[in-house]
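Read in order, the letters of the sequence shown correspond to residues 1 to 101 in our numbering.
Careful, some of the hints might be misleading.
Claimed, not checked - Calculated cross-link-like contacts (lysine to any residue; reagent style SDA-like; alpha-carbon spacing at most 20 Å): (1) K23 / N4; (2) K60 / L84; (3) K44 / C74; (4) K81 / V64; (5) K81 / C69; (6) K60 / I82; (7) K23 / F13; (8) K60 / N90; (9) K81 / A40; (10) K81 / V28; (11) K81 / K23; (12) K44 / S71; (13) K60 / D18; (14) K55 / L77.
If you're looking for bench data, these hints aren't it; they were derived computationally from the structure.
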Amino acid sequence: MRDNYLSTYEDIFGEVPDDIANKISETVDEIYSRVEDRLAEMAKNLYQETLDLIKNNPAKYEIVGYTECNSRLCYLLGIEKIPLVRVNWNEEDVENKLLNA
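Work out the full structure: start from the sequences and follow the hints.
In structure tokens, the structure reads:
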């Protein structure tokens, strides 16, 4: 993104002075920071909603353990391990889903 802004500036105004280049860099860094913060907030909300769904439906979902997580999503969530979840399917539900597919 930084390079795109600098290139556009150069196309319009010519050579980019150092103070302008620095300001562009600061602005791009701030944009990335805000996007990262918003992504983290959204990921945490989604993760919490998923955990609540699992915990509020013990007949259907069961946490059977945890596994290490090194993904970007886990980084955003600030967690090192995620739950392994067993879904307890009701045979009748499975039959209905197959019939309705």
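Take a quick look at whether K23 and F13 sit within 20 Å of each other, Cα to Cα. Since the Cα atoms of K23 and F13 sit roughly 15 Å apart, the hinted pair holds (cutoff 20 Å).
Is the Cα-Cα distance between K60 and N90 20 Å or less? OK: K60 and N90 at ~8 Å, within 20 Å.
Are the Cα atoms of K44 and C74 separated by 20 Å or less? holds, 9 Å
Given pair status - K23, K81, alpha carbons within 20 Å: Cα-Cα ~39 Å, so violated.
Taking only the CA atoms, is the gap from K60 to D18 under or equal to 20 Å? violated, 60 Å
Decide if the proposed pair is consistent with the structure: K81 and V64, CA atoms, cutoff 20 Å inclusive. Within the cut-off at roughly 13 Å; holds.
Agreement of K81 and C69 with the hint, judged by alpha carbon distance not exceeding 20 Å: With Cα atoms ~5 Å apart, K81 and C69 stay inside 20 Å; holds.
Can the restraint linking K23 and N4 be considered satisfied, given a maximum Cα separation of 20 Å? holds, 14 Å
Straight-line Cα separation of K60 and I82 no greater than 20 Å? OK: K60 and I82 at ~18 Å, within 20 Å.
Does the structure keep K81 and V28 at a Cα separation of 20 Å or less? Violated: K81 and V28 sit about 32 Å apart, past 20 Å.
Take a quick look at whether K81 and A40 sit within 20 Å of each other, Cα to Cα. Holds, because 16 Å separates the two Cα atoms, which is no more than 20 Å.
K55 and L77 were given as a pair; does the straight-line alpha-carbon distance stay at or below 20 Å? holds, 19 Å
The structure fails hints 10, 11, 13 (numbered hints given earlier, in ascending order).
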